[in-house]
Amino acid sequence: MNPQLKGIETLAGTHVFDLAASAKALRLNRFLHGLTVPEQRALFKGDPEAAFERARLTAEESRMVRELDWAALIAYGASFFCLEKLGRVKGVSNPEMVAGFRGESLEAFLKTRNVPGAR
Amino acid sequence: MARIIGGIGTSHVPTIAMAYDRGKRDDPDWAPLFKGYEPVAQWLTARQPDVLVFFYNDHATTFFFDHYSTFTLGVGAEYPIADEGLGPRPVPPLKGHVGLSRHMAESLVNDEFDMAVFQDLPIDHGCHSPLTMFWPPAPDWPGRIVPVAINVLQHPLPTPLRCYKLGQAVRRAVHSYPEDLKVIVVGTGGLSHQLNGTRAGFNNTEWDMKFLDLIDRDPGELTRLTHADYIRLGGTEGAEEIMWLAMRGALSDGAKKIHQNYYLPMTAAMAVALFEEPA
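Protein chains in written order, with the working numbering: chain A, 83 to 201; chain B, 11 to 289.
Same shape as in the complex, but just chain A:
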């Protein structure tokens, strides 16, 4: 156990991206990271199933990406910062992704914010 993270397991609703998560989701995160490359982005936009196949995503990984199931993706071990690439490509803002993690609609989440227009 990393002594710097002692006690973190008692913090509810939190995923710590550590080496176990990184190893588990490496293939998925590599696919998401690849969306920074214009050719890979174009393939995903034009033929997502072919992009999933080329990245050798499992059926469940493909489903989560296809359906933009943000809560499942982050629980699975996707790095938020890799998901952020997917958000940009799909035109989904960070607040909308955060609402997804919380299991809320964007509208419900924005009601909890100080300046809902700042996005």
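Keep in mind that the hints are not guaranteed to be accurate.
[Unchecked claim] Subject to a maximum C-alpha distance of 20 Å in a straight line, what follows is the list of computed EDC-like cross-link-like pairs (lysine to aspartate or glutamate):
{"#": "1", "chain 1": "A", "residue 1": "LYS193", "chain 2": "A", "residue 2": "GLU178"}
{"#": "2", "chain 1": "A", "residue 1": "LYS193", "chain 2": "B", "residue 2": "ASP39"}
{"#": "3", "chain 1": "A", "residue 1": "LYS88", "chain 2": "B", "residue 2": "GLU231"}
{"#": "4", "chain 1": "A", "residue 1": "LYS172", "chain 2": "A", "residue 2": "GLU131"}
{"#": "5", "chain 1": "A", "residue 1": "LYS172", "chain 2": "B", "residue 2": "ASP93"}
{"#": "6", "chain 1": "A", "residue 1": "LYS106", "chain 2": "B", "residue 2": "GLU231"}
{"#": "7", "chain 1": "A", "residue 1": "LYS106", "chain 2": "A", "residue 2": "GLU91"}
{"#": "8", "chain 1": "B", "residue 1": "LYS266", "chain 2": "B", "residue 2": "GLU231"}
{"#": "9", "chain 1": "B", "residue 1": "LYS175", "chain 2": "B", "residue 2": "ASP121"}
{"#": "10", "chain 1": "A", "residue 1": "LYS172", "chain 2": "A", "residue 2": "GLU143"}
{"#": "11", "chain 1": "A", "residue 1": "LYS88", "chain 2": "B", "residue 2": "ASP239"}
{"#": "12", "chain 1": "B", "residue 1": "LYS175", "chain 2": "B", "residue 2": "ASP263"}
{"#": "13", "chain 1": "B", "residue 1": "LYS266", "chain 2": "B", "residue 2": "ASP239"}
{"#": "14", "chain 1": "B", "residue 1": "LYS220", "chain 2": "B", "residue 2": "ASP239"}
{"#": "15", "chain 1": "B", "residue 1": "LYS192", "chain 2": "B", "residue 2": "ASP60"}
{"#": "16", "chain 1": "B", "residue 1": "LYS192", "chain 2": "B", "residue 2": "ASP150"}
{"#": "17", "chain 1": "A", "residue 1": "LYS127", "chain 2": "B", "residue 2": "ASP39"}
{"#": "18", "chain 1": "A", "residue 1": "LYS106", "chain 2": "A", "residue 2": "GLU143"}
None of these hints come from the bench; they were simulated from the model.
In this text the structure is predicted, and so the values were computed from the model without any measurement.
Following the hints, complete the assembly by docking chain B onto the known chain A.
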């Protein structure tokens, strides 16, 4: 000799860049953010630094988890603006100070900080989202940078104390460089926010204010906290504010905070603090 004349702590939320690129200066939702950076921009214009040393993090853009370094020093002459999924921002490539960065690599490694180095790679919003607020290109950047990327994404992260000590080693490196250069150190990230789990959207303004006080007055207290403490107090992603400790470690004990701004419009608390070394 080169010397450090001041420091800046700043958030690096990507929407800071978006607000700048879309010209939101007079938009009421964004005006408080722009206003908060104005004194920093004015101070830099008055002091005319040559180089900004940036403690920042990459967001799995340039670097990926197949090989993830703890501390990585940029030693290039030019850094393209990274494509983070929408194409690069419409700002010029960043210019590196090769002489200072090579000297820093040698000094740090001989000082037992075994840095990885990178060159000819793009840099993402972790560095340049706040940069345009206080050092805008007009039309080119006013000076050069030396980027120091820190792993705050994949645990185990460097400890808060290690980040502070890195800053101290960077101070020794800069102050032993023979060329007359005015250098500013910048630490980016934070403040409170969390971007995963049902706790996503967490903020803690009380902690943010305490952090802004301690980073000035008693950074030693901040080095004694664990990552778990930072996560509990400021969220999983808020823990990246350990990069401010590297900035603070590169300043002298006599440096004083002369300006700060805090704005929490949406998901991440956006703060900026300016530190000045005694003349």
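Hints and how they fare:
Taken as a hint, the LYS193(A) and GLU178(A) pair is honoured in the structure, with Cα atoms around 12 Å apart against an allowance of 20 Å. Distance check on the hinted pair: LYS193(A) and ASP39(B) sit about 15 Å apart at the alpha-carbon level, within 20 Å; holds. With a C-alpha separation of about 18 Å, the suggested pair LYS88(A) and GLU231(B) falls inside the 20 Å cut-off, and the hint holds. The hinted pair formed by LYS172(A) and GLU131(A) meets the criterion: a straight-line CA distance of about 15 Å does not exceed 20 Å.
A hinted pair counts as satisfied when its Cα atoms are at most 20 Å apart, and LYS172(A) with ASP93(B) qualifies at roughly 15 Å. The suggested pairing of LYS106(A) with GLU231(B) is violated, with an alpha-carbon distance near 36 Å, which exceeds 20 Å. Our distance criterion of 20 Å between C-alpha atoms is met by LYS106(A) and GLU91(A), whose separation comes to about 19 Å. Restraint check: the Cα-Cα separation between LYS266(B) and GLU231(B) comes to about 17 Å, which is no more than 20 Å; the hinted pair holds.
Of the pairs offered as hints, the one joining LYS175(B) and ASP121(B) holds, with about 11 Å between alpha carbons and a cut-off of 20 Å not exceeded. With a C-alpha separation of about 17 Å, the suggested pairing of LYS172(A) with GLU143(A) holds against the 20 Å cut-off. As the CA atoms of LYS88(A) and ASP239(B) are separated by approximately 9 Å, the hinted pair is consistent with the 20 Å bound. Using a Cα cut-off of 20 Å, the hinted pair LYS175(B) and ASP263(B) holds, with the two alpha carbons roughly 14 Å apart.
Distance check on the hinted pair: LYS266(B) and ASP239(B) sit about 26 Å apart at the alpha-carbon level, beyond 20 Å; violated. A threshold of 20 Å between alpha carbons decides the hint, and for LYS220(B) with ASP239(B) the separation of about 14 Å falls inside it, so the pair holds. A distance of roughly 5 Å separates the Cα atoms of LYS192(B) and ASP60(B); the hinted pair therefore holds under the 20 Å criterion. For the given pair, LYS192(B) sits about 19 Å from ASP150(B) by alpha-carbon distance, which is consistent with the 20 Å threshold.
Our distance criterion of 20 Å between C-alpha atoms is broken by LYS127(A) and ASP39(B), whose separation comes to about 32 Å. Restraint check for LYS106(A) and GLU143(A): the C-alpha separation of about 11 Å stays at or below 20 Å, so the hint holds.
Comparing the model with each numbered hint stated earlier shows that hints 6, 13 and 17 do not hold.
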